[in-house]
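Make a model of the complete structure from these sequences and hints.
These are the residues of each chain, in order.
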Amino acid sequence: MSQRHRLAQGGRIDRTRRLTFTFNGRSYEGHPGDTLASALLANGVTLVARSWKYHRPRGIVACGVEEPNAVVQLETGARTVPNARATEVELYEGLVASSVNCWPGPELDLMAAARLFSRLMPAGFYYKTFMWPKGLWMKYEHYIRKASGLGHSPTEPDPDAYDKMNAHCDVLVAGGGPAGLAAALAAGKAGARVILADQQAEFGGTLLSLRETAIDGIPAAQWAGQAVQRLSAMANVRLLARSTVFGYHDENFLTIAQRRTDHLPPGERSGARERTWRVRAKQVVLATGALERPLVFGDNDLPGVMLASAVSCFTNRHGVRLGGRAVVFTNNDGAYAAALDLHAAGVEVAAVVDARPAPEGALPRLVRDAGIEVVQGAVVTRARGAKRLTGAHVMALDEGGERVHGPVRTIDCDLLAMSGGWSPAVHLHAQSNGRPRYDEARACFVPGASNQAQRSAGACNGRFDLESCLAEGAASGLEAARLACAAALPVAPRHSVSPATREEPLRPLWLVPATQPPGHGAKQFVDPQNDVAASDILLAAREGYRSIEHVKRYTALGFGTDQGKLGNINGMAILAQALGQTIAETGTTTFRPNYTPVTFGAIAGPDLGELFEPVRKTAMHAWHEENGALFENVGQWKRPWYFPRAGEDLHSAVNRECLAARTGVGIMDASTLGKIDIKGPDAATFLNLVYTNAWSKLAVGRCRYGIMLDENGMVMDDGVTTRLGENHFLMTTTTGGAARVMAWLERWLQTEWPHFKVYLTSVTDHLATAAVVGPKSRDVLRAACTDIDFSPEAFPFMSYREGTVAGVHAIVTRISFSGELAYEVNVCANLGRHVWNALIEAGKPFGITPYGTEAMHVLRAEKGFIIVGQDTDGSVTPVDLGMDWIIGKGKDFIGRRSLHRSDTRREDRKQLVGLLTEDPKTVLPEGGQVVKDASAPVPVPMEGHVTSSYFSAFLDRSIALALVKGGAKRHGEEVQVPLADGRVLRATIAPPVFVDAEGARQNV
Amino acid sequence: MLIIPCPWCGPREQTEFAYGGEAHIVRPKDPDALSDEQWGDYVFMRRNPKGRLLEQWAHAFGCRRWFNVERDTVSYAITRVYKPGEPAPEEAR
Amino acid sequence: MSERILQQAPLAHVSARPGAAVAPVTALRYFENGLRGHINLRGDPTDARFAAAAERALGAALPTAANTTRIAGDIIVYWLGPDEWLAVTPGEREQEVVNALRSGLDGVHSSVTPVTGGQTVLVLRGTHARDLLAKGCPFDLHSPGFRPGACAQTHLAKAGVLLRPLGDDGMEIIVRRSFADYLYKWLETAAAEYGWVHATGEAPESRAHLANAQNTVT
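Protein chains in written order, with my numbering: chain A, 1 to 1004; chain B, 10001 to 10093; chain C, 20001 to 20218.
Just so you know, not all the hints are guaranteed correct.
[Said to hold, decoys possible] Listed below are several chain A residues computed to face chain C (Cβ distance under 7 Å; list not exhaustive):
| hint | residue |
| --- | --- |
| 1 | Asn-166 |
| 2 | Pro-606 |
| 3 | Arg-616 |
| 4 | Lys-679 |
| 5 | Gly-680 |
| 6 | Thr-761 |
| 7 | Cys-828 |
| 8 | Ala-829 |
[Unchecked claim] In silico lysine to aspartate or glutamate, EDC-like type, Cα no more than 20 Å apart, as pairs:
| hint | chain 1 | residue 1 | chain 2 | residue 2 |
| --- | --- | --- | --- | --- |
| 9 | B | Lys-10029 | A | Asp-710 |
| 10 | A | Lys-282 | A | Glu-251 |
| 11 | A | Lys-932 | A | Glu-918 |
| 12 | B | Lys-10083 | C | Glu-20084 |
| 13 | C | Lys-20158 | A | Asp-607 |
| 14 | C | Lys-20185 | A | Asp-160 |
| 15 | A | Lys-932 | A | Asp-981 |
| 16 | C | Lys-20185 | A | Glu-613 |
| 17 | C | Lys-20185 | A | Glu-610 |
| 18 | B | Lys-10083 | A | Glu-752 |
| 19 | A | Lys-889 | A | Asp-710 |
| 20 | B | Lys-10083 | A | Glu-746 |
| 21 | C | Lys-20185 | A | Asp-607 |
| 22 | C | Lys-20158 | A | Glu-610 |
| 23 | A | Lys-757 | C | Asp-20047 |
| 24 | A | Lys-387 | A | Glu-107 |
| 25 | B | Lys-10029 | A | Glu-752 |
| 26 | B | Lys-10083 | C | Asp-20083 |
| 27 | A | Lys-891 | B | Asp-10032 |
| 28 | B | Lys-10083 | C | Asp-20044 |
| 29 | B | Lys-10029 | A | Asp-682 |
| 30 | A | Lys-889 | B | Asp-10032 |
| 31 | A | Lys-969 | A | Asp-933 |
| 32 | B | Lys-10029 | A | Asp-892 |
Hints are computed from structural coordinates only; laboratory data are not their basis. A virtual CB, placed ideally from N, CA and C, is assigned to each residue, including glycine.
So, in C-alpha cells, the structure goes:
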C-alpha cells in the first residue's frame, strides 16, 4: 500500500529508502526518519487504538512521550514490548506492531459494546459497583481486567542483555532541544565535564520541526546539527542520544535509560539492549522542554484531533499530509504556526478558531495574510464524526469564558489542530525536591526554588520563545560550569533568531463550555488514556473530594503509561474551578520517577543469573566439582552439600558419609568459616567482653568454644577461638556471620573501646581449612605430617599445633563439630588444593570419605550442637539453649545484663530440646509446629517448632532438635507435630544430645 | 542516594557504607546498677527525630572506619562528619 | 624426600586457558598477577617506633595520606585505613618481609598478618579499562586526581576491591580470593563490547612484578 498521505517533499526522512512494516496484520511502507506514528499517518492510518474503558476509537494525538492513545504491542514472542508509544518508536525494516485493548482490531472492536453502558461507568465505578457483593468481585475482576488494560508482557525469558554505567560529570544537561544544546555548548566550551542526554534519536528537539526559523543565520535544524558536531569534537562532552533522564534523586544522582538497539531490526541487534546510566552531576541543567496542552471539548478524542505542535512536527519533520481540510483551535499564538505549516504543505485550512477576542500578534497576522479565516472569540464545542473527524461545531464564547452563545457553525474538516498553551515539563525538577509553582501570567506551573544544585532553562522554565530558550540555555550552561569547576569563565554566547517569535498572551481555557452541562452532552475528555472526562472530575468534586491526590485515585486521572502528561493540568484546573479555588491552591499530584516507563531489564542490568549475587568459592572448589559434589548455598558461598556415588540419592549418600566419619575417617572443606586474627595486649580482655565465657586464663596453644550475644542477650554467632600467643588469638565465626561479626567487633573497638590495644584482620580467605574427622583421623594426619606429635598426651583435644603438612606450613587444631576425634588443617589458600590432595592421598588406606554440609549437619545434630540461624533465630538466649555453662560469672560481656531482664528469665521461654519420633523411620519436617494435642479446638495452642531434623544412620532412627516452651523441664513428655496433609506425627521430648553425651569419642 | 563524606577517604557513594543507627549511645559502665527499664532504654530506645540526627556510619567497602554523621532526616542534608571520640555538635543534641 | 608443591592463585583455572601472549594494544586485556605476597599491617603511624620499624622493613615510609600508595623497590604499600596498610611483595619475598616486620616491631603494639592466600591481583590494560570498571563501580575512576600513586577501596559490582591506577589505560584490581571467580565472570561479561582478550603477560616494564598464576616448585 502506497504512502498516499506522504508529502512530495520536505521533512527529515530519507525517501530514497523504503522500510516495510506491519500494523495489525497489514503491511505498510515508510522511510528512515519515520516514527511508527508518522509512518502510520503517512499511510492514512488514523484509527490506531480503542480506549481503555469505553473502547472509543482513538487516533494519534501527539508526537512524543505524552502520546496517550497510540500505545502498541511491538514485536512478538520473547522480544515483545507492551505499551510502546508509536510516536517514539523509530521505524525499522520488518517492524511488527499491533493495537492493544481491542479485539479483533480497532476498526471492528467487539468490546466497543462497552460504550453503550458508559453511563453506568462513572468515576469510581470499580468501588461503587463491583466491590459488592464482596464474593463476586473476584469473578467481575477477571472480566473487567480482560476488557480493560493495555498491552501484554512477554511470557518467555528476555533474550536481550542490559547493563549499567556509572558516570560522574560537572554538568548534566537533561534535554537536547534548543536550550539544552545551548547549555551544553556553553558548559562544554568552558571546559566542564558535560553529559548531554536526549530521549530522541536526533538532538534538536523542536528545532527539527521548525519550517522557516533560522538561528545565527542558518536554518534551525541545520543549526542543531552543527551544534552536535561541535559538541562531538569536545573530549569533555559525552552525548547520549535515545537516552531518557527518567529519575532525579538525592545529591544530584540522576538515572538515564539509554536505548541502544531498539531502533534496529531484531536480527541486527547486538550488545546490551539498554544501558542505565547512574550519573552523579555537580550541577544539573534541566532543559526538558514543555508539553502542549489539549483543549477539553465535546468528543475531543476523535481520530483527527491532534495537538497543534504534533501537526507541525508530522508535517514539517516527517513530511506527512495529515488531512485534506483542517481547523485550528487555539487560545494562543503558537498554534498559528501549525496553520501556516499546513497551508505551506498544501492542506486547506478552513479556519483558525481562537478563544481570544482579538488576536493581533505577528503569527495571527501572517495567517490572515495567507487568506486563512480567523474566527476570534470563539471555540470548538464539539467534534463530529464516528471513527474519524468529519467536522467541528464552532460557537462564540462570552467574555467570562463560561458560556457559549449564538448559532452553531459547522465547519467540515478531517483534521483539528488544537492548542491550550504549554505546560513546562517540570517533572525532573519536582522529583529533585523542587516545588513547582503556578504562574498566573503564563497560566502554567513553572519550576520553583531548586533544592539541589540545579537550574531549569528554556521551555521547561516557562520560556516559550526560541530566543529566550537559547539565551537562558547558554547562560545556565555557563553558570553551571562556573559553579561546578569553581572557575571564572567567559560570557555566554548569544544566539540570534529570525524571524522573531514574540507572542501575545494566551487566554486560559481549561474546559470549553458546551450547550449542555458536562455529563449530558458529548464527553469532554481530560485524560484520554484513562477515559477520564471533565464530568468525572466534576462528579468527584460533587461527591466531596477536595484533594487532587484523592480525585486522581478516584477518577484514575493521570494514571497509565503516560502518567497524565497530556491532560493532568486541565483536570487540576477543572477541579479548581469546581471547588472555587485557584489552581495554585489545588496544586499538582506528585511527580515521581520514572518520567517515562523503564524496562525491568534496564533496572536489573547485568545482575542476573550467575552474576545476580557473588558466588564465593574455596580453594578446593574445583576438586569438589571434579568429584561430583552437589552444592548448597551458604550465604554467598557454594559449599559441597554431599558427594553422591553412582546410584545414590541424598539420603543414601549422607548415610554413608556420616557412618564414615563415625566409624572411619571423613574429610570436609571448612574453609568458609569466618576467621579473624586478633592481636594486641587487650585481646583477651576484648574477648571477655564479646563472648559470654572467660578467656583470660585460656592457655597459649589451647582452643575454646565461644558464644557471642547481641546487647539484647540473643545469640548472634558462635565458633572456636584459638590462643596462638599471649596477645594473639585466631577466632572462627559461622560462615554466614563472618562479615557481620568482623564489622561488629570493629565497631565496638572503634567507637566504644578505642583505648583497647587490639587489632583485627580478616583471614577468612587467606586460610583454607580441611576438617579430617573420625576415629582414623589421627592416622591420616600422621601420614600427612611428620613434625607434629599427634599422641593424645602431646596434642590433646581443644589445642593446636603448628607444623608441616604435605610439605607446607600448617596450623592444625584439634577441635570437633561432630563429636569424633577430629583435626582441622589450616594452610595458605594458595596451597589449599595441594594440601587437600595430600590428605585425600594419605587417607586412602583408611577409606577417607569426603562429606558435605548435609552430613556435617547430621553429625552435629546427633551431638546437639546448634547452628546459629537454624536452631536460633535472634530470639534465643544461651539459657534457652541449655548452655548456662558457657555464661561466665563475675565479668561483664555484651548482652549479659539482658539475660536478667524479666522476659529473658521466664521459665516458659522456648528452650532447645530433642524430639524422638514414635516411628523411628519418620523424619519430622523442619519448621513443623509442636503442639500438645492436634485435635484441640482451633486455634491449637502452639508449643514450639522443629529447628533441625534428620535421619541418623548411626542411630538408625530419626532425630530432631526443637524449641519448645519450657522444654528443659518437659523431657519425656509426648507431643504432636501436625502436618499440612492432615497426618499427625507423635514424638517424645528428649535431651538434645543423642550420641555420646559424655564426650568420650572426641577425647581419645 | 547519599554522598557521604568519609572523614578519611572523602566523599563517596552511599553504596560503600553501612549504617549504624544513632550515635553517642554510650554503653553503661555498670549494667547491674540499672533497672530493667533503664537497661531497656539503652538497648532499644532511640530518639528518631524529625530533623537533625547524629548517627553512625561505617565506610564498609572503603577504610572500614566507623564515624559520626550529622544528618537532617527531612532534607537528608549531611552537615557534618566527625570521628569517634570527637565531641558531638552541641546544638544538635 | 622431594615433594611437588602445587601453588594455585585464585584464578588459576582462568589463567590456564590459552591466552594471547602478546595482546593487541587496542584491546582490553586482562591477566592475573597471582602468587604475590600480601601482608596486612596495622599500627599507629604516630608511634615513632612503629613508623621507623615499618620503614626499615619495607624500604620506604608508610603512605599516611589516605588512598595513596608507595613503591619501595619490588614492594608496593597501599594505604587501607588510618592504621592499616597492605604490602604486596614478590611471592618469594613474603616470608622475609613478614619476618623483618615482626622482628622490627617486637614490643610495639602492631599486627603483621599474611593474607597471601586471601586475595589476588588482576591487571586490566586497554583504552576502555576505566569504562569497563565504571559499569560496576561507583567511584569516579575518570577523576583527574585518580592517577598513579593513588589507590581506592570501593566495590566493583558486588565485590569489594582495592584499585590502583596504572596510567591512563591500566588498572590494578585486588580482590578477595573467594570473590575472584565471580568478579572475573562479571568483567568478562561487561567487557564483551570492548573486545576482551585474556593475556598471558604484560608490557616489559612491569614484567618484573609478574609471577605465574600457577607454579610448581620442587
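Can you list which hints this structure breaks, lowest number first? none
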